[in-house]
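K.L.:
Sequence:
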Amino acid sequence: MEYVKYYREKYSNDLESFRQQIPIEGNKHYHEDLFKIQYFQLTPSYNYLDFTEEVAEFAVSLFFSILMDQVAFNQQLSGGDYNKFRNLTNYPKFIGNCTSTSEKFSQCGGNQHPISILKAINDFEDEGNSLELDRLPYRNDEKNPKRPIIQYSEIFYKASIFFKIETKVFFEKNKIDMSWTNFWTLVEINCRKIELTTLLREF
-18 MEYVKYYREK YSNDLESFRQ QIPIEGNKHY HEDLFKIQYF QLTPSYNYLD FTEEVAEFAV
42 SLFFSILMDQ VAFNQQLSGG DYNKFRNLTN YPKFIGNCTS TSEKFSQCGG NQHPISILKA
102 INDFEDEGNS LELDRLPYRN DEKNPKRPII QYSEIFYKAS IFFKIETKVF FEKNKIDMSW
162 TNFWTLVEIN CRKIELTTLL REF
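Just so it is clear: in the sequence shown, position 197 is 178 by the working numbering, and no numbers are missing.
No lab work stands behind these hints: they were computed from the structure. Be careful, since some hints might not be right.
Listed next, with one range per pair, are the computed distances between beta-carbon atoms [to be verified]: (1) E108 - S134: 25 to 31 Å; (2) V(-15) - R120: 34 to 40 Å; (3) E34 - I5: 24 to 30 Å; (4) T80 - N155: 35 to 41 Å; (5) K139 - N68: 27 to 33 Å; (6) L112 - T162: 41 to 47 Å.
The calculated lysine-lysine pairs, modelled on DSSO-like cross-linking and capped at a C-alpha distance of 27 Å, are [as the list claims (entries may be wrong)]: (7) K156 - K65; (8) K156 - K(-14); (9) K139 - K156; (10) K65 - K(-9); (11) K124 - K9; (12) K124 - K74; (13) K156 - K74; (14) K(-9) - K17; (15) K149 - K(-14); (16) K145 - K156.
Just so it is clear, CB atoms sit at the ideal spot from N, CA and C, and this is done for glycine as well.
Kindly generate the complete structure, drawing on both the sequences and the hints.
P.N.:
Shown next as structure tokens:
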């Protein structure tokens, strides 16, 4: 399936399907109105992505969604436009694994850069939350054998072109109080920081 077709026709449903795979009971990061995705939930060691064969498309879509939400928040889009942006998109948040009893010192206590999403889908070494109490709610969802390596580079490039165009349309349609070109430049800068420059080529 072509990436644009996937995003427009399947991504929203896949995101909801993914959300429904994550246990609620015992999940201290569950919020009805705010979907928080933990690193381990995307790894091959758990079965949460088994509902789709389009893992690469899903992961790349998630990457751009969360990156744009983080850029919007960090810029606070003048005039309180982040709240407007947030209400229109309702993108999920991406946090790390629980690595400490205190969220203040744990990777789950704050947002993680979405580059880790692309790392997680091929991370065969990650074992989930560090403490047994935090692992318990997800024990039944651990899996073996694990899925093959996911190739996403070509899809990433196609998605970068698509999201650049979509950003322009979204900002103009919703009268977001910030230049869409300035916003997208910040997205590109974030990608360059994580050495994805060759994937996010100009066109």
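K.L.:
Quick one: which hint numbers does this structure break? Sort them smallest to largest.
P.N.:
none
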